[in-house]
Amino acid sequence: AQSVTQLDSHVSVSEGTPVLLRCNYSSSYSPSLFWYVQHPNKGLQLLLKYTSAATLVKGINGFEAEFKKSETSFHLTKPSAHMSDAAEYFCVVTRPNAGNQFYFGTGTSLTVIP
Amino acid sequence: GAVVSQHPSWVICKSGTSVKIECRSLDFQATTMFWYRQFPKQSLMLMATSNEGSKATYEQGVEKDKFLINHASLTLSTLTVTSAHPEDSSFYICSATDGYSNQPQHFGDGTRLSIL
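Top line first, the protein sequences correspond to chains A and B.
Just so you know, this note's numbering puts 29 at position 29 of the first sequence, and the rest follows in order with no gaps.
Just so you know, this note's numbering puts 115 at position 115 of the second sequence, and the rest follows in order with no gaps.
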């Protein structure tokens, strides 16, 4: 079975400081993992994806995530938070050859303090 | 990048009416589309998966007669909320994929449905 746990429902950082949003996954197969961002009253925008290539994945807007199989983690990081990063972030795992069905984490709300 | 257009973005209607939401993939062929429902401050809940030209697969607990899904072409899927009631008020989001395994879903901007 596939599942994702986002360890923090809410994270607050000061502008200019690093961001860490944690995600742990459970998968019976070699997973594909994604991070999406959702701004208020908007759909989801893909930040980055891991699909069994390089374990350190770089995404848009300065975000990156590292796939650590030994820790079953796929944490999202950014060196310096910007006010525009304030949003809801979702970690997603899929199962190969399963019609791309997504398994969503419960989301982490990021607040950036000026 | 891949673009999915969802329309309308906001709809308010009276209880008992039916509402149709459209989801279009603008620059790729979407063999599979998904419909989600999102309650405030919560994650997305998958309602159904639709493949072009075939009947949608509904998740457990989702009434297929209430939420009619049509995926008649490779670029368009529609969700019709029939005889809508206030408890159907929610944020509905569609997504589309070209069907290849492990590829990301591309999401529309969602539809805020308010039933009075």
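It is worth saying that the hints were derived from the structure and are not from the lab.
Predicted, not measured: the structure shown is a model, and the values here were computed from it.
Treat the hints with care, since some could be wrong.
[Stated by the list, open to error] Restricting the straight-line Cα-Cα distance to at most 30 Å, the calculated cross-link-like pairs of lysine-lysine (DSSO-like) are:
no., chain 1, residue 1, chain 2, residue 2
1, A, K42, B, K20
2, B, K41, A, K58
3, A, K68, B, K41
4, A, K42, B, K41
5, A, K49, B, K14
6, A, K49, B, K66
7, A, K42, B, K14
8, B, K64, A, K42
9, A, K58, A, K68
10, A, K49, B, K41
11, B, K66, B, K14
Hint check results:
{"no.": "1", "hint": "A:K42 with B:K20", "in the structure": "19 Å, holds"}
{"no.": "2", "hint": "B:K41 with A:K58", "in the structure": "27 Å, holds"}
{"no.": "3", "hint": "A:K68 with B:K41", "in the structure": "29 Å, holds"}
{"no.": "4", "hint": "A:K42 with B:K41", "in the structure": "13 Å, holds"}
{"no.": "5", "hint": "A:K49 with B:K14", "in the structure": "41 Å, violated"}
{"no.": "6", "hint": "A:K49 with B:K66", "in the structure": "34 Å, violated"}
{"no.": "7", "hint": "A:K42 with B:K14", "in the structure": "24 Å, holds"}
{"no.": "8", "hint": "B:K64 with A:K42", "in the structure": "25 Å, holds"}
{"no.": "9", "hint": "A:K58 with A:K68", "in the structure": "15 Å, holds"}
{"no.": "10", "hint": "A:K49 with B:K41", "in the structure": "24 Å, holds"}
{"no.": "11", "hint": "B:K66 with B:K14", "in the structure": "16 Å, holds"}
Violated hints, listed in ascending order, are 5, 6; each of the other numbered hints is respected by the structure.
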